[in-house]
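Read off the chains here:
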Amino acid sequence: MTAPLQGIRVIDLTAVWAGPFGARLLGDYGAEVIKVESPRQWDLLRALGLIPRETPRWYNRSAYFNHNNRDKLGLALDLAIPSGRDVLLRLCAISDVIVENFRSDVMDNLGLSYAAVSGVNPAIIYVSMPGHGKTGPEKDYVAYGTNVEQLAGLVSLSGYEGGEPMKTGFSYGDPMAGTALVGAVAMAIRHRNRTGEGMYVELAQRENLSMFVGEHLVDFSMNGIPRTPIGNRHPFLAPHNRYRSAGDDSWIAIACENDGQFLALCQAIGRPDLPGDERFSTNVARKANEEELDGIIGAWTLQRGHYEGMHILQRAGVPAGAVLSVPELLSDPQLRSRGAWVEHSHPDAGTWEMESPPWELSRTPGHIRVPAPGFAEHNSYVFRDLLGLDDDAIARLYAEGATADTLDESLHR
Amino acid sequence: MPATLTGLRVLELGTFVSAPFCGKLFAGYGAEVIKVEPPGGDLARAHGPFKDGVPNPETSALFLYLNTGKKSVELDLRRPRGRDAFLRLAARCDVLVENFRPADLRALGLTYAALREVNPRLVLVSITPFGQDGPYSGYRANNLIAFAMGGQMHMTGTQEGGPLKNGGYQADYQGGLNGFSAAMLAVLAAERDGEGQHVDISVQHCMAPILEASIPYYSYLGRWAGIRRGNHMSSFIGIYPCQDGHLGVHVMPRNWKPFTDCIGRPDLLADPRFETQALRAAHNDELMAELYAWAATAKKHDVYRRAGAMRAPITFVHTMQDLIESPQLNARGSIRRIEHPAAGTASYPGPPWWMGPDGGWTTGRAPLLGEHTSVVLRDLAGLSAPELAALHNEGALG
Numbered sequence: 000m001t002a003p004l005q006g007i008r009v010i011d012l013t014a015v016w017a018g019p020f021g022a023r024l025l026g027d028y029g030a031e032v033i034k035v036e037s038p039r040q041w042d043l044l045r046a047l048g049l050i051p052r053e054t055p056r057w058y059n060r061s062a063y064f065n066h067n068n069r070d071k072l073g074l075a076l077d078l079a080i081p082s083g084r085d086v087l088l089r090l091c092a093i094s095d096v097i098v099e100n101f102r103s104d105v106m107d108n109l110g111l112s113y114a115a116v117s118g119v120n121p122a123i124i125y126v127s128m129p130g131h132g133k134t135g136p137e138k139d140y141v142a143y144g145t146n147v148e149q150l151a152g153l154v155s156l157s158g159y160e161g162g163e164p165m166k167t168g169f170s171y172g173d174p175m176a177g178t179a180l181v182g183a184v185a186m187a188i189r190h191r192n193r194t195g196e197g198m199y200v201e202l203a204q205r206e207n208l209s210m211f212v213g214e215h216l217v218d219f220s221m222n223g224i225p226r227t228p229i230g231n232r233h234p235f236l237a238p239h240n241r242y243r244s245a246g247d248d249s250w251i252a253i254a255c256e257n258d259g260q261f262l263a264l265c266q267a268i269g270r271p272d273l274p275g276d277e278r279f280s281t282n283v284a285r286k287a288n289e290e291e292l293d294g295i296i297g298a299w300t301l302q303r304g305h306y307e308g309m310h311i312l313q314r315a316g317v318p319a320g321a322v323l324s325v326p327e328l329l330s331d332p333q334l335r336s337r338g339a340w341v342e343h344s345h346p347d348a349g350t351w352e353m354e355s356p357p358w359e360l361s362r363t364p365g366h367i368r369v370p371a372p373g374f375a376e377h378n379s380y381v382f383r384d385l386l387g388l389d390d391d392a393i394a395r396l397y398a399e400g401a402t403a404d405t406l407d408e409s410l411h412r
Numbered sequence: 000m001p002a003t004l005t006g007l008r009v010l011e012l013g014t015f016v017s018a019p020f021c022g023k024l025f026a027g028y029g030a031e032v033i034k035v036e037p038p039g040g041d042l043a044r045a046h047g048p049f050k051d052g053v054p055n056p057e058t059s060a061l062f063l064y065l066n067t068g069k070k071s072v073e074l075d076l077r078r079p080r081g082r083d084a085f086l087r088l089a090a091r092c093d094v095l096v097e098n099f100r101p102a103d104l105r106a107l108g109l110t111y112a113a114l115r116e117v118n119p120r121l122v123l124v125s126i127t128p129f130g131q132d133g134p135y136s137g138y139r140a141n142n143l144i145a146f147a148m149g150g151q152m153h154m155t156g157t158q159e160g161g162p163l164k165n166g167g168y169q170a171d172y173q174g175g176l177n178g179f180s181a182a183m184l185a186v187l188a189a190e191r192d193g194e195g196q197h198v199d200i201s202v203q204h205c206m207a208p209i210l211e212a213s214i215p216y217y218s219y220l221g222r223w224a225g226i227r228r229g230n231h232m233s234s235f236i237g238i239y240p241c242q243d244g245h246l247g248v249h250v251m252p253r254n255w256k257p258f259t260d261c262i263g264r265p266d267l268l269a270d271p272r273f274e275t276q277a278l279r280a281a282h283n284d285e286l287m288a289e290l291y292a293w294a295a296t297a298k299k300h301d302v303y304r305r306a307g308a309m310r311a312p313i314t315f316v317h318t319m320q321d322l323i324e325s326p327q328l329n330a331r332g333s334i335r336r337i338e339h340p341a342a343g344t345a346s347y348p349g350p351p352w353w354m355g356p357d358g359g360w361t362t363g364r365a366p367l368l369g370e371h372t373s374v375v376l377r378d379l380a381g382l383s384a385p386e387l388a389a390l391h392n393e394g395a396l397g
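Chains Y and R supply the protein sequences, listed in that same order.
Here the first sequence is numbered in numbering that gives the first Met the number 0, starting from 0 and rising by one per residue.
Here the second sequence is numbered in numbering that gives the first Met the number 0, starting from 0 and rising by one per residue.
Worth flagging that the hints you see were computed from the coordinates, not collected in a lab.
Treat the hints with care, as some may be off.
To be verified - No more than 20 Å apart at the CA atoms, straight line, and that leaves these computed lysine to aspartate or glutamate pairs for DMTMM-like:
no., chain 1, residue 1, chain 2, residue 2
1, Y, LYS138, R, GLU324
2, R, LYS298, R, ASP270
3, R, LYS298, Y, GLU160
4, Y, LYS286, Y, GLU160
5, Y, LYS138, R, ASP266
6, R, LYS256, R, ASP266
7, Y, LYS138, R, ASP321
8, Y, LYS133, R, ASP243
9, Y, LYS133, Y, ASP107
10, R, LYS256, Y, ASP139
11, Y, LYS138, R, ASP301
12, R, LYS298, R, ASP243
Keep in mind that this is a model prediction, so the values were computed, not measured.
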């Protein structure tokens, strides 16, 4: 069975994380994705690989780049040079999707607005992924990874009980925008299949992430009461927390949703007396006395490893889970069983393990088909095979600096 | 332009957050979404916060938000006639979204094989914490457990404070969004060749690879810092308390000049300790002290406007009130007022992204419990009046 995006060609002008991650998912599920980088403004992730710059082709060995750009082809093209822009428009004419996440005015300034691109291909799906949007009073404001979750309202709801608002552990808005990109592109393809029409899609990253706190907005607008962070607890359920386990910085999460699960928890930790205790007999009582209850549970969890505690509690029917660290994720039996990590080889970077495509589609599965492109690796394929340029035309592109085989190493220092 | 998903019909057996969020996205973009609720309704109806704090299955903010634009059918799938009616609905739908524990779905006799028998075109989307197979697939989990097992908790919070969950139901929302995008791929495949399939979403598998550079660094280089950095990735990427809230700073190398200009500290720009990103990292604590002192005298709106005009990467931590009052969101129409007969009018975020110039986003309200039971079972499942009566008599309609 062919992949769901078989036959779809995507031009990926994005850099860093949100756009590249989303475009990589399109590649995982069958699209031919051509990543375009300027020799002068190449993707920052190539520089964030922690690879010493003395290493030959260090910029092709960044795992951070290679995880987020596999299943793509690499084209070097400077869009600010007229012949580079012309090549891009020719590529647009034979592509299905173009994705960009430049600052809001850049594509217009390059003469690559939706109007310009749809002029050469009315059926194209053109996706912009700005931070704030292409319109509105804040459209030109800078918003990087950690800013997006602040603007989306999530940070104001996160944090320890009684503490200050807390950032997430990573630039959460980026992968959420990348994940949304796939749905948006698939919707636009479906629309085009039915009508023949292309479409302009705008995915403002702060708006996308604000969908993840929607119930709080509804609540506040109905009730006018600001809710402050409550750490790992739940507004209504108890017990609901993470507890220390045996071992260094080792923790287990336990969250009971009803009396039955609490009963099972009490049996499993050898405290069958608790459900009969009026401080803990109902969820309302447990919530009122959760500090004390957490102390009792924590005394049990501290006696054993987090996985062991999880297995004991789960066998009794209690929702419990080990708080997994990064090394533990790589060895976790469930993720292993699912094939979440697969061995991968790259001509410059060697062999290591990276994540598989995340979604299992039984009939049209995703695959890692090609490693991330080295810089400019597929220039020839694009210029000759796709666009039919002759040797002279290609030589002119090199001579004008519209393309190159190497990148400006002075950037991103 | 009609909404993008016009003509697509989605059946949702969604409980609480993950599958309902997936269903909400379908409904928002114009699909007909039929939510089948058990007698008494989706668990989210029993959870607050409620309007005015008064428990009412029709005024839960969580339910209202996650179920906009859907139809509600109250149906007991454990009753033979209820299950039969459900299968007749499934025969007429393109997508079925569910988030049961795999064993619980099997117990209802609703395996992919059984559904395929009534509708080979059907795309079944299962959103579960661990996926359909594997050693933990029978385990019980919810947002907190998935957040822990997906690796995001261990890296969030401070070292001394311990691992921290993010606000709300972030693991569940990730499951819902991943389910939607994956489902759309399967819809494309089904519309190409008429064949459905089973889409298996493991929230853990979706969450674990996206920890910024952590997995690449550990898997490729064996490097893992193993510490939680709280509100500061570094002095120049972090959150600082200000007079009336909190400011978020995210300075990349090229922003150092506009940043120091914006905060009125040309002396920092001239300071050799802070000349490059590497030097700023080397003198992290000194720079952090400077920024704490600056922020303490600043006001969030003033700084944000000034930073915007000067292209300095400073935002502020938006509260729910800030979202509702946001000039940007209001100018773009990305918060909508929706009226509901029991809960009144409230503000809802959306669209998450804009399909075409008008966004293609519809804003129907959440349904009352069982509001569409009769009409959907009659018109779509094709049940006759006597069949509906028999269902009712069996107690299958709640």
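Cross-check of the supplied hints:
{"no.": "1", "hint": "Y:LYS138 to R:GLU324", "in the structure": "holds (16 Å)"}
{"no.": "2", "hint": "R:LYS298 to R:ASP270", "in the structure": "violated (25 Å)"}
{"no.": "3", "hint": "R:LYS298 to Y:GLU160", "in the structure": "violated (24 Å)"}
{"no.": "4", "hint": "Y:LYS286 to Y:GLU160", "in the structure": "holds (14 Å)"}
{"no.": "5", "hint": "Y:LYS138 to R:ASP266", "in the structure": "violated (30 Å)"}
{"no.": "6", "hint": "R:LYS256 to R:ASP266", "in the structure": "holds (11 Å)"}
{"no.": "7", "hint": "Y:LYS138 to R:ASP321", "in the structure": "holds (17 Å)"}
{"no.": "8", "hint": "Y:LYS133 to R:ASP243", "in the structure": "violated (29 Å)"}
{"no.": "9", "hint": "Y:LYS133 to Y:ASP107", "in the structure": "holds (11 Å)"}
{"no.": "10", "hint": "R:LYS256 to Y:ASP139", "in the structure": "holds (17 Å)"}
{"no.": "11", "hint": "Y:LYS138 to R:ASP301", "in the structure": "holds (17 Å)"}
{"no.": "12", "hint": "R:LYS298 to R:ASP243", "in the structure": "holds (6 Å)"}
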